[in-house]
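Protein chains: 2
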Amino acid sequence: MPAPQTVRISLGERSYDIAIGGGLLADPACWRGLPAASAALVVSNTTVAPLYAARLRAALAPHYKQVHEVVLPDGEEHKDWPTLNLIFDQLLAKGCDRKTVLFALGGGVVGDMTGFAAASYMRGVPFVQVPTTLLAQVDSSVGGKTAINHPQGKNMIGAFYQPARVLCDLDTLKTLPPRELSAGLAEVIKYGPIHDLAFLDWIEANIDALLAREPAALAHVVKRSCEIKAEVVGQDERESGLRAILNFGHTFGHAIEAGLGYGEWLHGEAVGCGMVMALQLSLRLGLVDEAFAQRVTALIARAKLPTAGPALGAERYLELMRVDKKAEGGEIRFVVIDGPGRAAVRPAPDAVVRQVLADCTR
Amino acid sequence: MPAPQTVRISLGERSYDIAIGGGLLADPACWRGLPAASAALVVSNTTVAPLYAARLRAALAPHYKQVHEVVLPDGEEHKDWPTLNLIFDQLLAKGCDRKTVLFALGGGVVGDMTGFAAASYMRGVPFVQVPTTLLAQVDSSVGGKTAINHPQGKNMIGAFYQPARVLCDLDTLKTLPPRELSAGLAEVIKYGPIHDLAFLDWIEANIDALLAREPAALAHVVKRSCEIKAEVVGQDERESGLRAILNFGHTFGHAIEAGLGYGEWLHGEAVGCGMVMALQLSLRLGLVDEAFAQRVTALIARAKLPTAGPALGAERYLELMRVDKKAEGGEIRFVVIDGPGRAAVRPAPDAVVRQVLADCTR
Chain E
1 MPAPQTVRIS LGERSYDIAI GGGLLADPAC WRGLPAASAA LVVSNTTVAP LYAARLRAAL
61 APHYKQVHEV VLPDGEEHKD WPTLNLIFDQ LLAKGCDRKT VLFALGGGVV GDMTGFAAAS
121 YMRGVPFVQV PTTLLAQVDS SVGGKTAINH PQGKNMIGAF YQPARVLCDL DTLKTLPPRE
181 LSAGLAEVIK YGPIHDLAFL DWIEANIDAL LAREPAALAH VVKRSCEIKA EVVGQDERES
241 GLRAILNFGH TFGHAIEAGL GYGEWLHGEA VGCGMVMALQ LSLRLGLVDE AFAQRVTALI
301 ARAKLPTAGP ALGAERYLEL MRVDKKAEGG EIRFVVIDGP GRAAVRPAPD AVVRQVLADC
361 TR
Chain H
1 MPAPQTVRIS LGERSYDIAI GGGLLADPAC WRGLPAASAA LVVSNTTVAP LYAARLRAAL
61 APHYKQVHEV VLPDGEEHKD WPTLNLIFDQ LLAKGCDRKT VLFALGGGVV GDMTGFAAAS
121 YMRGVPFVQV PTTLLAQVDS SVGGKTAINH PQGKNMIGAF YQPARVLCDL DTLKTLPPRE
181 LSAGLAEVIK YGPIHDLAFL DWIEANIDAL LAREPAALAH VVKRSCEIKA EVVGQDERES
241 GLRAILNFGH TFGHAIEAGL GYGEWLHGEA VGCGMVMALQ LSLRLGLVDE AFAQRVTALI
301 ARAKLPTAGP ALGAERYLEL MRVDKKAEGG EIRFVVIDGP GRAAVRPAPD AVVRQVLADC
361 TR
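Here the protein sequences come in this chain order: E and H. Read in the UniProt record's numbering, the first sequence has 79 at position 79, and its numbers run on one by one without any break. Read in the UniProt record's numbering, the second sequence has 14 at position 14, and its numbers run on one by one without any break.
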C-alpha cells in the first residue's frame, strides 16, 4: 500500500496535517502522535458506526486507556442541540476530563457536531476528524468550521475550532451510497469555477471515473480539494474576506435545506443546485458568459446532482437568505463567479434574484 | 462626578478596558468607540431589565440603528440551553447579522450566557459586559470565561471568549439585594489569601464599609479585584496553569451548587463556604496554620456568607467534584492555600477530603 499523502493546514500554533490514503484505519503508523490523554471518545452515527467504529477503536486502543463511544442518529435533521447534548451527556457520564480527545467518525454532520462539542466541552478539548464521506473529506472536515443548525438558519450556532489532525481513509468511500457520492462531488466541482480552472478541466475529464469510484481519481480529488481549501483557509481562517468564496452555491443551498426542512435534500445536493442558481445570477449580472455557466451546470448534472430547486416561492427564498451569515444590515451577499476561475462576494438586486429563482426552480 | 477609572486586560489583539465608576450608564463618553454595527442586542433578566435596560438602551441609541432586547428568567437554575436559546431566537427573529454587538446587562449568569451566545452566534459576534452585581464586577465579567451549566456539572459547556469592553457602573450596586452583595464579597475576599495579603488586610479593615455600600470602599474593591484578575488572566488566558488559582473555593462550591440544585445557593455563597472547606483542606495538608485559616474564615463569616455546607454526604461531594474541570484522569485537583498569599493546585487523599467535609457540613 502506498504511504498516505499529506496536506498541511498552516495556521500558526493551530496548524495540522490531513492524511489521505487507503487503509488508514488499519495502519498503526497513522495513529501515532495524537494528543495525549487518558480517554478518547469516538462520535459516530447509526449508519457509520456499524461499519467502522470497531476499526477506529482498535486503532486508538494502544494510545488511550479508555476509548468511549457515542452513536448519534444519522442525518442533517439531527444536527441540533438535543443531539449535540448526547455527546456532552456521554462525556460527563464517563467522567471525561479536559484532555479527553474526541474523534469524529462520519460525514459532515458528525464532524460539525463533534467539532462544536469539542470547542465547548469544558471550554475546549482536542478533536480529530476521521471523515468517511466524500463531502467531509474534500470540504467539511478541513478548516475548523463547526456548528449546529437553528430552525431558522443553517449552521447558525457554532465556533471556529481547528482539529488536531484529519485522517481521510479513502477505503471508507467504498460503502458510500451513490447519492452521498454525488453530494460530495458538488463540493469538489465548487473548487473549479471559484479558484482553479485546470482542476475544473480535470474533473470534467474524470467525472465518470469518480462516479465509478476509481481509487486514483478519488485520491486526486481529495488531495487537490484539500490543497485548495488549505490555501484559502490559511489566508483567512475566520472568514473576514477571502474564505467566503468557499460558500459558492451555499447561500441558495442553505435556503433550500432550511426551506424544505433539514435532511430532505443532502447538503451537497442543495449546494449543487445552489451553484446553478449562483451561476445564473453571475450571468445576469454580466460577470460570466452563457458558455461558462452552461459548462459548469452540465458538469453538475453529470455528477447526478439536481439543477433545479424546489418551488418554495421567491419570497420564501429571499426571507431565508436574509439570515445567511454573509448578510450585512439585512442585505444578502452572494458568492458570484466574477469571470471563470475567480469568485467575488457582492449583493444583488432582489428583482434579479427573483428572475434567477423563477428560472431555476420547478 | 470623578472620571471613571480604567483597568486594562492585556491579551494581544484581544485586549480590552474595564471602566469603573459611578453613573457610567448616564455618561455618553463611556459609550463611544464600541464595535460598529447596525444593531445591538441587550440581554438582561427579569430583575435587572426593569431597573436599568431603558438607561442602557438610551446610551446605545446614538450608536446603533436598532437596539433590540431579550429578557431572560433570573437565576442560576436558568443558566441552561433552553434559556441560552432565547438569545439565539431573538437574534434570528430580528435578522441580526454577524456584526451585531451583544450587551450583557446583569450579573454573572447573564454575563456567562451572553458571552457564550456571542461566542457561538454565527461562530462569533462581539459582546460587551455591563455587570450590575458586585460578583460580576469583581470577577465573572472579566477574563472571558463563558458557559452554561449541565445537570451533571457547573459551567461544563462554554468558551473562552473575551468581551470588547467591560463597563462597571458602581451605582447599580445600590439596588443589589443584601444576599447578592455578600455573594460578591466572597469573590473579593478570594483574592486576598491566593494573591495579595495587603488587600486581605484592607478588606478586613473595611468590611463594614463594604456591607454599608460606601461608594469609595466599593470603588476600591472593584478596581483592585479587576487589577488582580487582569494580572492573572494576562499571564494565562486559557487556564493552562496559573489561572486555576482563581478557582479557590470553587471545587467545593460547584459541588454544593450542583448537589443542591442550581439556584438554591447563590454562586458566591457556595464559593464562600467552599473557601472555608479549602482552607481546612490546606490546614490538614500542613500548608497553612490554624491562625490563618481561622482569620480568613472569620472574614467570610463577617461578610454574612455561610461557613458550613449542606449535608449532601461525603460520597456525593466526591462524585460531584470528580467532574470538576480541573480534575485529571478521575483525580480531583484542589486549589489550596500554600502559605498565606500563595495558592497551588494539587490532589488530596479522599480520606482527608472526607474529614474536611465532616467538619464543614451540617
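Simulated from the structure, these hints should not be mistaken for lab results. Possibly wrong hints are sitting among the right ones.
What the hints assert, rightly or not - In silico DSBU-like links for lysine-lysine, alpha-carbon gap of 30 Å or less:
(1) E:K94 with H:K326
(2) H:K65 with H:K94
(3) E:K223 with E:K94
(4) H:K94 with H:K174
(5) E:K326 with H:K174
(6) E:K326 with H:K65
(7) E:K174 with E:K304
(8) E:K174 with E:K94
(9) H:K99 with H:K65
(10) E:K65 with E:K99
(11) H:K94 with E:K326
(12) E:K304 with E:K326
(13) E:K223 with E:K326
(14) H:K326 with E:K65
(15) H:K223 with H:K326
(16) E:K99 with H:K326
(17) E:K65 with E:K94
(18) H:K223 with H:K94
Evaluated hints:
Our distance criterion of 30 Å between C-alpha atoms is met by K94 of chain E and K326 of chain H, whose separation comes to about 16 Å. Using a Cα cut-off of 30 Å, the hinted pair K65 of chain H and K94 of chain H holds, with the two alpha carbons roughly 13 Å apart. Using a Cα cut-off of 30 Å, the hinted pair K223 of chain E and K94 of chain E is violated, with the two alpha carbons roughly 37 Å apart. Between the alpha carbons of K94 of chain H and K174 of chain H the distance comes to roughly 33 Å, so the proposed pair goes past 30 Å and is violated.
At most 30 Å may separate the alpha-carbon atoms for a hinted pair to count; K326 of chain E and K174 of chain H exceed this at roughly 43 Å. For the proposed pair K326 of chain E and K65 of chain H, the alpha carbon gap of about 19 Å is at most 30 Å, so the pair holds. For the hint pairing K174 of chain E with K304 of chain E, the CA-to-CA distance comes to about 18 Å; that is within 30 Å, so the pair holds. Simply put, K174 of chain E and K94 of chain E have alpha-carbon atoms about 33 Å apart, too far for the 30 Å limit, and the pair is violated.
Restraint check for K99 of chain H and K65 of chain H: the C-alpha separation of about 13 Å stays at or below 30 Å, so the hint holds. Restraint check for K65 of chain E and K99 of chain E: the C-alpha separation of about 13 Å stays at or below 30 Å, so the hint holds. For the given pair, K94 of chain H sits about 16 Å from K326 of chain E by alpha-carbon distance, which is consistent with the 30 Å threshold. Proposed proximity of K304 of chain E and K326 of chain E is supported: the alpha carbons are some 28 Å apart, at most 30 Å.
The straight-line distance between the Cα atoms of K223 of chain E and K326 of chain E is roughly 28 Å, inside the 30 Å bound, and the hint therefore holds. For the hint linking K326 of chain H to K65 of chain E, the alpha-carbon distance of about 19 Å falls within 30 Å, and the restraint holds. For the suggested pair K223 of chain H and K326 of chain H, the alpha carbons sit about 28 Å apart, so the restraint of at most 30 Å is met. Distance restraint check for K99 of chain E and K326 of chain H: the Cα-Cα separation of roughly 10 Å lies within the 30 Å cut-off, and the hinted pair is therefore satisfied.
Using a Cα cut-off of 30 Å, the hinted pair K65 of chain E and K94 of chain E holds, with the two alpha carbons roughly 13 Å apart. Between K223 of chain H and K94 of chain H the CA atoms are separated by roughly 37 Å; this puts the pair beyond 30 Å, and the hint is violated.
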